[in-house]
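**Q** Sequence:
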Amino acid sequence: MPNPRCFHTLQDIVETPAAFELHCDAPGFTPKDINVEMNEGVITVSGKRKEEKQEEKEGKVVRRERTMATFTRSFTLPDNVKDDEVSASLVNGVLKVTVPKTEPAAKPAPKKIQVSGGEQA
Numbered sequence: 008m009p010n011p012r013c014f015h016t017l018q019d020i021v022e023t024p025a026a027f028e029l030h031c032d033a034p035g036f037t038p039k040d041i042n043v044e045m046n047e048g049v050i051t052v053s054g055k056r057k058e059e060k061q062e063e064k065e066g067k068v069v070r071r072e073r074t075m076a077t078f079t080r081s082f083t084l085p086d087n088v089k090d091d092e093v094s095a096s097l098v099n100g101v102l103k104v105t106v107p108k109t110e111p112a113a114k115p116a117p118k119k120i121q122v123s124g125g126e127q128a
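In our numbering, the protein residues as written are 8 to 128.
If you're looking for bench data, these hints aren't it; they were derived computationally from the structure.
Even for Gly, the Cβ is constructed at its ideal location relative to N, Cα and C.
Check each hint, because a few of them may be wrong.
Unchecked claim - Only pairs whose alpha carbons sit at most 25 Å apart, straight line, appear in this in silico SDA-like list of lysine to any residue: (1) 89 with 115; (2) 103 with 83; (3) 67 with 44; (4) 55 with 24; (5) 103 with 40; (6) 57 with 47; (7) 108 with 94.
As the list claims (entries may be wrong) - If you anchor each label on the Cβ, the simulated ranges turn out as follows: (8) 80 with 124: 50 to 60 Å; (9) 17 with 122: 24 to 34 Å; (10) 23 with 119: 30 to 40 Å; (11) 119 with 79: 15 to 25 Å; (12) 112 with 22: 32 to 42 Å; (13) 114 with 75: 31 to 41 Å; (14) 121 with 80: 49 to 59 Å.
All chains should be modelled from the sequences, with the hints used to inform the complete structure.
**A** So, in structure tokens, the structure goes:
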């Protein structure tokens, strides 16, 4: 059985006003090959591509460079994300994971603090 080849996927993280977007190169992978998990502010993207089997009727493989491959990458995201609204899509070998941001908390209005004290002794 062949040994899976681990490789380093190229990834970009883009911050927009509404979300964080993770763009990951995943050529040759299908949606079934990829796993995306979000746990306690850490997003993990992993993939496992199985070796293609060619039958004798299609010809004999004389050189095989596209074998099994696996990858795993994890990133810590800020606290202002909606863990339950993460979405992912794979188009033309690029995985796009979108993690929406939460609405920023309203800043409290300035509050005047009364200074207490008495006369000096």
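**Q** Among the hints numbered above, which are violated by the structure, and what are their numbers in rising order?
**A** 3, 4, 6, 9, 11, 12, 13
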